[in-house]
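Model the full assembly from the supplied sequences, consistent with the hints where possible.
Letter by letter, the sequence shown follows residues 1 to 323 in UniProt numbering.
Source of the hints: derived by calculation from the structure; they are not laboratory data. These figures come from a predicted structure and were not determined experimentally. There may be inaccurate statements among the hints.
To be verified - The list that follows gives simulated cross-link-like pairs (lysine-lysine, BS3-like), each with its CA atoms no further than 30 angstroms apart: (1) K129 - K153; (2) K305 - K202; (3) K153 - K202; (4) K146 - K129.
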Amino acid sequence: MALIGYARVSTDDQNLGPQLDALRAAGCGEIFEEYASGGNRSRPQLAAALARVRRGDMLVVARIDRLARSLSHLLAVVETLRARGAHFKSLADPIDTAGPSGVLVLQMLGAVAEFERSLIRERTVVGVKAARARGRVGGNPGLRDKDPVVLAKLAASRHATRLARLTAEMETWMPVVRRLRPQTAWPEVTVAVNVVLPVGSKTFTESRLVSTVRFLAAEGLVDAVVLGMAPRRKPRKGVAARQRACDAVAGLLAGRPRITLAEMGVELVRLGHRPPRGGTSWAPASLNALLDRVRLAGLVPPGSKWGDKKVWDSPAEPMVIAT
Numbered sequence: 001m002a003l004i005g006y007a008r009v010s011t012d013d014q015n016l017g018p019q020l021d022a023l024r025a026a027g028c029g030e031i032f033e034e035y036a037s038g039g040n041r042s043r044p045q046l047a048a049a050l051a052r053v054r055r056g057d058m059l060v061v062a063r064i065d066r067l068a069r070s071l072s073h074l075l076a077v078v079e080t081l082r083a084r085g086a087h088f089k090s091l092a093d094p095i096d097t098a099g100p101s102g103v104l105v106l107q108m109l110g111a112v113a114e115f116e117r118s119l120i121r122e123r124t125v126v127g128v129k130a131a132r133a134r135g136r137v138g139g140n141p142g143l144r145d146k147d148p149v150v151l152a153k154l155a156a157s158r159h160a161t162r163l164a165r166l167t168a169e170m171e172t173w174m175p176v177v178r179r180l181r182p183q184t185a186w187p188e189v190t191v192a193v194n195v196v197l198p199v200g201s202k203t204f205t206e207s208r209l210v211s212t213v214r215f216l217a218a219e220g221l222v223d224a225v226v227l228g229m230a231p232r233r234k235p236r237k238g239v240a241a242r243q244r245a246c247d248a249v250a251g252l253l254a255g256r257p258r259i260t261l262a263e264m265g266v267e268l269v270r271l272g273h274r275p276p277r278g279g280t281s282w283a284p285a286s287l288n289a290l291l292d293r294v295r296l297a298g299l300v301p302p303g304s305k306w307g308d309k310k311v312w313d314s315p316a317e318p319m320v321i322a323t
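So this is what it looks like as structure tokens:
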């Protein structure tokens, strides 16, 4: 377990020393230092610290208020960490999600937060009805008048919201992008990314994936090398279709290392890659030929059963006919 520290003060005049001493004494090998208001959720160093945390690691702060000023923000950060299999600990507070007591405290805080949200919703509905009864129009006057200052603040807020959302979810699919780019073209990368997304998540189109990666690179959260040009291929006549099928297989293996031959054949047909000899399904021999090329190109991810040639010599699996 790696201990990742996070320390924050509001201004440059304040001293980070006591927090740094406490975090180092707790065993933090890496500490992210921030000079920003606690009310600002889009803090660059906090985003970098969350991106650095991996499964089994723990984010450590000296006190809860150094991480979040609101209960909703605290719970959002902790939920992000728990979704990755990571933990959170506050040295001055009874919160350590690696143990049952810390989880209990968070559950109690979550119940209080939900009760608070219910009260706020109820008061908001009553207030809106009363305002309408008096003839008042809701909304931001600055937005209605297209005030440049208000529009700039709205754009900054949307930017911060997008950054916070992507920071929370990027480690689900970004490892696939880092592994495949820039050697693999974006269409195949998009297929591989969509395979690893949680069930029910919104899938990426190629353009949205490229736009998202560019946004994260501009924020310094992704190495810009992934945006480089994929190697240009000049295939001979009759080879282009096979090369595209190989790229698709590489993408499928990156997202689903344990995929079966039958599933691979169905996915290739679904993606528009027709068998070389025609028909409606891929033969095991044709798939093995593609796998051989992918293996020789070094694109089979570690842990995939298709990295071992012996697996390919096993009896052919029954193929599913794609309609």
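Comparing the hints with the structure gives:
no.	hint	result
1	K129 - K153	holds (28 angstroms)
2	K305 - K202	holds (28 angstroms)
3	K153 - K202	holds (28 angstroms)
4	K146 - K129	holds (26 angstroms)
This entry satisfies every hint, going by the numbered hints stated previously.
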